[in-house]
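Engineer: The lines below spell out each chain.
There are 2 protein chains.
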Amino acid sequence: MNRIIFRKQFIEEVAAINLQKSVVVKLGGSIVTVKEKPYTPNRRAVTRLVEEIKRADVKPLIIIHGGGSFGHPFAKEYNIAGGYNNSGQLIGFSKTHQAMVALNRLIVSALIQRDIPAIAVQSSAFIVTKRGRILDFNDDLIQRMLDMGLTPVLYGDAVLDMEQGFSILSGDQLVATLAISFEARRIIICVDVDGLYTDDPKLNPDAKLIREISLDELKAFAGKIRKSIVTDVTGGMYGKIAELIPAVEKGIGVKIINGKRANRLYKALMNQNVKGTEIRP
Amino acid sequence: MNRIIFRKQFIEEVAAINLQKSVVVKLGGSIVTVKEKPYTPNRRAVTRLVEEIKRADVKPLIIIHGGGSFGHPFAKEYNIAGGYNNSGQLIGFSKTHQAMVALNRLIVSALIQRDIPAIAVQSSAFIVTKRGRILDFNDDLIQRMLDMGLTPVLYGDAVLDMEQGFSILSGDQLVATLAISFEARRIIICVDVDGLYTDDPKLNPDAKLIREISLDELKAFAGKIRKSIVTDVTGGMYGKIAELIPAVEKGIGVKIINGKRANRLYKALMNQNVKGTEIRP
Numbered sequence: 127m128n129r130i131i132f133r134k135q136f137i138e139e140v141a142a143i144n145l146q147k148s149v150v151v152k153l154g155g156s157i158v159t160v161k162e163k164p165y166t167p168n169r170r171a172v173t174r175l176v177e178e179i180k181r182a183d184v185k186p187l188i189i190i191h192g193g194g195s196f197g198h199p200f201a202k203e204y205n206i207a208g209g210y211n212n213s214g215q216l217i218g219f220s221k222t223h224q225a226m227v228a229l230n231r232l233i234v235s236a237l238i239q240r241d242i243p244a245i246a247v248q249s250s251a252f253i254v255t256k257r258g259r260i261l262d263f264n265d266d267l268i269q270r271m272l273d274m275g276l277t278p279v280l281y282g283d284a285v286l287d288m289e290q291g292f293s294i295l296s297g298d299q300l301v302a303t304l305a306i307s308f309e310a311r312r313i314i315i316c317v318d319v320d321g322l323y324t325d326d327p328k329l330n331p332d333a334k335l336i337r338e339i340s341l342d343e344l345k346a347f348a349g350k351i352r353k354s355i356v357t358d359v360t361g362g363m364y365g366k367i368a369e370l371i372p373a374v375e376k377g378i379g380v381k382i383i384n385g386k387r388a389n390r391l392y393k394a395l396m397n398q399n400v401k402g403t404e405i406r407p
Numbered sequence: 127m128n129r130i131i132f133r134k135q136f137i138e139e140v141a142a143i144n145l146q147k148s149v150v151v152k153l154g155g156s157i158v159t160v161k162e163k164p165y166t167p168n169r170r171a172v173t174r175l176v177e178e179i180k181r182a183d184v185k186p187l188i189i190i191h192g193g194g195s196f197g198h199p200f201a202k203e204y205n206i207a208g209g210y211n212n213s214g215q216l217i218g219f220s221k222t223h224q225a226m227v228a229l230n231r232l233i234v235s236a237l238i239q240r241d242i243p244a245i246a247v248q249s250s251a252f253i254v255t256k257r258g259r260i261l262d263f264n265d266d267l268i269q270r271m272l273d274m275g276l277t278p279v280l281y282g283d284a285v286l287d288m289e290q291g292f293s294i295l296s297g298d299q300l301v302a303t304l305a306i307s308f309e310a311r312r313i314i315i316c317v318d319v320d321g322l323y324t325d326d327p328k329l330n331p332d333a334k335l336i337r338e339i340s341l342d343e344l345k346a347f348a349g350k351i352r353k354s355i356v357t358d359v360t361g362g363m364y365g366k367i368a369e370l371i372p373a374v375e376k377g378i379g380v381k382i383i384n385g386k387r388a389n390r391l392y393k394a395l396m397n398q399n400v401k402g403t404e405i406r407p
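If you read the protein sequences in the order shown, they are chains E and B.
Mapping of the first sequence onto my numbering: residues 127 to 407, in sequence order.
Mapping of the second sequence onto my numbering: residues 127 to 407, in sequence order.
One chain only, chain E, in its complex shape (with noise of 0.2 angstroms):
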């Protein structure tokens, strides 16, 4: 597909639009899910978030959220990250797919609730990686999309993989990759805890929350990470700092904050001063 020029009417409407740089958001799905049960979505959160950003009304905007409760427990239960092995996963992965639309269903309906012309584009109808890496991404479309002034809501999903036969791509790999294909502004990251901390702060009641971090103590910080990391299914943490480094480094800036707590997405997006971590590139 090449990339397709809009007649100019669009071009001259939109363009206050245009000259602003995306911000990608994601919401975590420890965030819009109840991670302990099983295909739960927290209702009461995603209203609260896609509030907040009815609010701060930032565009170009980007959504991508996480799988949570929905996506994870037939992910593992068919090991679909760990690729094809027999013909008996194939429900798996259908299955893994299906319930990411459910949970994309309901956060789409709510932001098209509160008026915000949101539109759920499926990672794995465009997106193929290569042992669990993003091969081949045509950003046309979705950069039509933002051109327009809707706002596209991507999520972590069951994908075809050329090497593996199928993968789970991030959440956490999206947003890096359409932060760094569309220049992004800024990306904000919603996790369940306050931000980045010295030690995990669910096991550790002495770990301090981080504010500010470079670029280069966030790789020294990931090593360190990585070195004491215990089993994590989902990436963790660790995951998420490490698929944003190729981001960071691009000169995009992070914020990490907590989507459970209210008003501090509404204060990241209008870049006022809340509590989180941040990376400077």
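Do not rely on the hints blindly, as some may be mistaken.
The list treats identical chains as one, so a pair stands whether inside a single copy or across any two.
Simulated pairs of lysine-lysine, DSS-like, Cα-Cα distance not exceeding 25 angstroms [said to hold, decoys possible]: (1) Lys-185 / Lys-221; (2) Lys-328 / Lys-345; (3) Lys-180 / Lys-221.
By construction, these hints were calculated from the structure, which means they are not laboratory data.
As the structure is a prediction and not an experimental result, all values here were calculated from the model.
Mind docking chain B on chain E? Use the hints.
Structural biologist: Structure of chain B alone, referenced to chain E:
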């Protein structure tokens, strides 16, 4: 995206499937929804059709469904088919797609429940039109799904259009395009009448069912209908016929059957004698 060759293990495992060309089945919007009631699925029909698909067990299979009372109300209210005119239509674009996601989800879930590894494929995530006609279309992803043994389920959708901003892609256009692209074995179209009639069977009780029709007769017939046609926003039977002609020209046979009658889809899938209209290439 380049056409990617699957690793040998997949090729071998799916060789038996690959020897066969695909069958393309269209489930009309008037069958899978209650046409008169907005956003009302016909769950009983969906369950029965899925059961017939399961029983026939034809592979590889591509399923495409229309919008019926899900897709049409918002598309009409916001004049999506007419293209972008003002930013107030954007939310209508969102709503139209979202309604199609809801209907698609229902159909895919019914297939998964019968252990068919169905996979929703969002048309608007990889197809762009030009004045409502498919401009560009990468078939690699769907080919790969078929190779693996997955059953892709596509649908008519609100899509981006390079000339007019956005448009409506009909399920019928999708049927012909995919059938040609994958050199389909056969096309089966499920509508809410027994097939093609000499006149509108819903208005004229003397209308006679055409059991068989050649490509030349079909073209003449399409011209005749075109001349006498009254307003029909959905394209109606003429729209279906006109869209199918390019596929028939490529040598692909079409069977039009009544999806409301039990066992007709099953028989058509099994290539058994069944009431309907056969279009000979």
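Engineer: Let me make sure I understand: some of the numbered hints might not hold for this structure. Which ones are they, in numerical order?
Structural biologist: none
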